[in-house]
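For the record, the sequence lines run as chains A and B. So in my numbering, spot 10 of the first sequence is number 48, and the numbers just go up one at a time. So in my numbering, spot 95 of the second sequence is number 90, and the numbers just go up one at a time.
Each hint should be verified, as a subset may be incorrect.
Derived list of chain A stretches under chain B, where covered just means 3 residues or more per stretch with a C-beta under 8 Å from a C-beta of chain B [to be verified]: (1) 77 to 90; (2) 143 to 151.
Covered, in the sense of this in silico footprint (three residues per stretch, anywhere, with C-beta under 8 Å from a C-beta of chain A), are these stretches of chain B [what the hints assert, rightly or not]: (3) 6 to 16; (4) 62 to 71.
EDC-like cross-link-like pairs, simulated, lysine to aspartate or glutamate; straight-line CA separation at most 16 Å [stated by the list, open to error]: (5) K93(A) to D103(A); (6) K66(B) to E21(B); (7) K63(B) to E51(B); (8) K96(B) to D126(A); (9) K96(B) to E139(A); (10) K52(B) to E21(B).
Derived from the structure by calculation, the hints contain no laboratory data. C-beta: ideal position from N, C-alpha, C; glycine also.
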Amino acid sequence: GAVVSQHPSWVICKSGTSVKIECRSLDFQATTMFWYRQFPKQSLMLMATSNEGSKATYEQGVEKDKFLINHASLTLSTLTVTSAHPEDSSFYICSASVIYEQYFGPGTRLTVT
Amino acid sequence: QQQVKQSPQSLIVQKGGISIINCAYENTAFDYFPWYQQFPGKGPALLIAIRPDVSEKKEGRFTISFNKSAKQFSLHIMDSQPGDSATYFCAALNYGGATNKLIFGTGTLLAVQP
């Protein structure tokens, strides 16, 4: 149980384009989902907290107009990287929470060329 | 006060040995302490977690020891195996706080040599 999926697992896009990443909780309903970014050999950096039916709460320094988050249902949250640039290349990971336990997706590797 | 300090940064253990990773925190409002295991190119997987009303929790070869007065907790991996080679993150959470955000340690890269 407590499986979280992400799609796509990896994506390459050209600079200036937008890319959408989906995060789904497959066998449970999650009232809260989180989006993280991880650089090589570093810890996870929280980008935003997403609650179903309400606006996401972004961490300080994260551009909300660049990283658009939509939490349309209790099992789906999406992250759209708009007007992507090479510096946005990273490993993006979502998690879904059940009470206080957080379960992570497998991650999405984004490369912007 | 929101930080979780994790050590060591890297660890090499022989197969069959005990791996020990330590974490310390300052915020006494934290009330949930999970450990995550992450393999390269994968998302973190919840390994084991503890709440501060117990001092130890064991699941298979993995044990969390929790010292509330010292504000420290540690992960012990008994009979370490090469398949345990991964990065381990401790974390802390104040459930019911303003936000249910996990505060992560910096990670420990464990290598178990055969």
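Consistency of the hints with the structure:
no.	hint	result
1	77 to 90	holds (count 6)
2	143 to 151	holds (count 4)
3	6 to 16	violated (count 0)
4	62 to 71	violated (count 0)
5	K93(A) to D103(A)	holds, 12 Å
6	K66(B) to E21(B)	holds, 7 Å
7	K63(B) to E51(B)	holds, 11 Å
8	K96(B) to D126(A)	violated, 23 Å
9	K96(B) to E139(A)	holds, 11 Å
10	K52(B) to E21(B)	violated, 21 Å
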